[in-house]
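Residue-level listing of the chains:
Number of protein chains: 2
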Amino acid sequence: MTDTAAIGCDWGTSSLRAYRLGVDGALLERREAARGIMTIDDGAFEAAFEEALGDWLDRAESVPVILSGMIGSRQGWREAPYLACPADVADLASALLALDLARGRRIWIAPGLSHRDSGGTPDVMRGEEVQILGALEGLGDAPALVCLPGTHSKWARVEDGRVLGFATHMTGEVFEAVRDHTILGRMIDAAAWDDAAFLAGIERSGEPGGLLGQLFGVRAKGLFGELDEKTAGAYLSGLTIGHECRAALAGGEAAEIALIGAGRLVGLYAKALEHLGHATRTLPSDVAAIGQWRLAQALVAKPDL
Amino acid sequence: MTDTAAIGCDWGTSSLRAYRLGVDGALLERREAARGIMTIDDGAFEAAFEEALGDWLDRAESVPVILSGMIGSRQGWREAPYLACPADVADLASALLALDLARGRRIWIAPGLSHRDSGGTPDVMRGEEVQILGALEGLGDAPALVCLPGTHSKWARVEDGRVLGFATHMTGEVFEAVRDHTILGRMIDAAAWDDAAFLAGIERSGEPGGLLGQLFGVRAKGLFGELDEKTAGAYLSGLTIGHECRAALAGGEAAEIALIGAGRLVGLYAKALEHLGHATRTLPSDVAAIGQWRLAQALVAKPDL
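In order, the protein sequence lines correspond to chains A and B. All residue numbers in the first sequence are consecutive under our numbering, ending with 1473. All residue numbers in the second sequence are consecutive under our numbering, ending with 1473.
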């Protein structure tokens, strides 16, 4: 354990993921527990944290400890106010919130990011900003997009090491609400999939008519035998992901698109973006560890923090 | 009863509305029953029809009887195939489906309309086409739009007495699915209303970002105290109705916009369209009776039918 140089902890709503990092940020050990902040009763965050990572703290006494995610929300351990974009690693490090443990150790909670679009409407993220910070290590200085697909997908515009701004799309949640709670659900076998129908939905999302009109097209195509229960769900997925991607890409040119995440959903976004003519590369969710390492380095470089 | 010249019956999913019409189509008597096709067991449509209107049939033996609505669907009494747009009153009259009652009387079921947009995606309506036929009586020959707000709103482009095409928007159903089955529901008092928030949602719908992105803005505005439970529902309503109206209006110039329906929802559409710079006039749902009268006249003029 003498080689531990930093500890990172991505503590979200449903799970806690921790990284023991070595010199140069190498990942030495990874832990994951189903101890998201929604599972913590009576604000007993410190007890849960000690239970999850107390042994790491015992054996690496003076290294920086960086927490990120919903643990810094109003419903978390302590609220770390949102930092407004644009922001780079130094800005985020300066906004780290100090928290002193009963054992006499100081740890740090990363702030979320906020952004207002050109019309003044606000947006927020909490946790994703540290993953984006990790992804920025591998991106050049040219304008790029970082996309984190999910229930609430995040699209960040980055350039020259900074997060310029971002937008959240409720795609995953709206897809499920429409599939499970509208007339379209009756014609969808949720377990079925069809790649051609997915791509047809992506294509359709670029036509006139708007999403609300195109959704009824799923029903009408069913009546005319052009979709069935094996294909309608994939078409609906393509329709919604297509609308999201087109809106996100309309924000400006991007030299690269980095996707962060794992599994089927990220694969669908890669397929959708490729269909729209954009190459992507995919980074794992654990890229958060790199972001935490960068924050830890910034802390160490500024001992006054 | 000697003055009955036609009988119309708008028989939908949840209710049956019947009109006894006099010479020149004057409305002599109106009946409404909660006997929609979903309430009819074992296909007992004829018994239900006789129960509802048998006395009218007894006393007006030789007048045309026109049924419209879901009664002509696959789930109804007898399926009247969709007629493809463009279509005028003569086309619809030629496609009336004859149905012979046990009492030895012939009645007629109106077909629905179908349409394929420029991308080839199909759309359908059943029942609304007869309301539109009624509305056409009062519209000029210039291009106009007829909008029937609802769970599935219909927008028809009409010109010179013909329905050129139409689009259905799932706005009402998606609004409810999002309000009742996503994270946004927690911040919405469904009973509250705020006109300024509704108009702010309409405005927002014209900005970049897409509907899926703008939906998350409802949540973020809540976090920043810019929406609360009294205003968030109206803003969400403005957002979705705004997206629908903008997509529908993008289809081409319209000299007039006629709204068909009653109550609060039609008032919201009138307000939204006015905010977008379009004057509207509102016609009652019973305009269906005028459409049925026009079909009845076309029948009488063509005794070979």
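Quick caveat, the hints were computed from the structure, so don't treat them as lab data. Warning: the hint list may mix true and false statements.
If chains are identical, the list can't say which one is meant, so a pair holds when it fits in one copy or spans any two.
[What the hints assert, rightly or not] With a straight-line cut-off of 25 Å between C-alpha atoms, the simulated SDA-like cross-links for lysine to any residue are: (1) LYS1398 to ALA1469; (2) LYS1470 to ARG1432; (3) LYS1439 to GLY1420; (4) LYS1398 to LEU1417; (5) LYS1439 to ASP1362; (6) LYS1439 to GLY1287.
To see whether the hints hold, each was checked on the structure:
In this assembly of identical chains, LYS1398 and ALA1469 lie within 25 Å of each other by CA distance neither inside one copy nor across copies; the values are 56 Å within and 48 Å between. In this assembly of identical chains, LYS1470 and ARG1432 lie within 25 Å of each other by CA distance neither inside one copy nor across copies; the values are 41 Å within and 61 Å between. Taking the closest pair of Cα atoms, LYS1439 and GLY1420 come within 25 Å of each other only inside a single copy of the chain (20 Å); across copies the shortest separation is 34 Å, beyond that limit. In the homo-oligomer, the alpha carbons of LYS1398 and LEU1417 never lie at most 25 Å apart, since the shortest distance is 30 Å inside one protomer and 34 Å across protomers.
With identical chains, the CA atoms of LYS1439 and ASP1362 are at most 25 Å apart within one copy only, with a shortest distance of 13 Å there and 42 Å across copies. Taking CA atoms no more than 25 Å apart as the test, LYS1439 paired with GLY1287 passes between copies only; the shortest distance there is 22 Å, against 31 Å inside one copy.
Of the hints listed earlier, those the structure fails to meet are numbers 1, 2, 4, in rising order.
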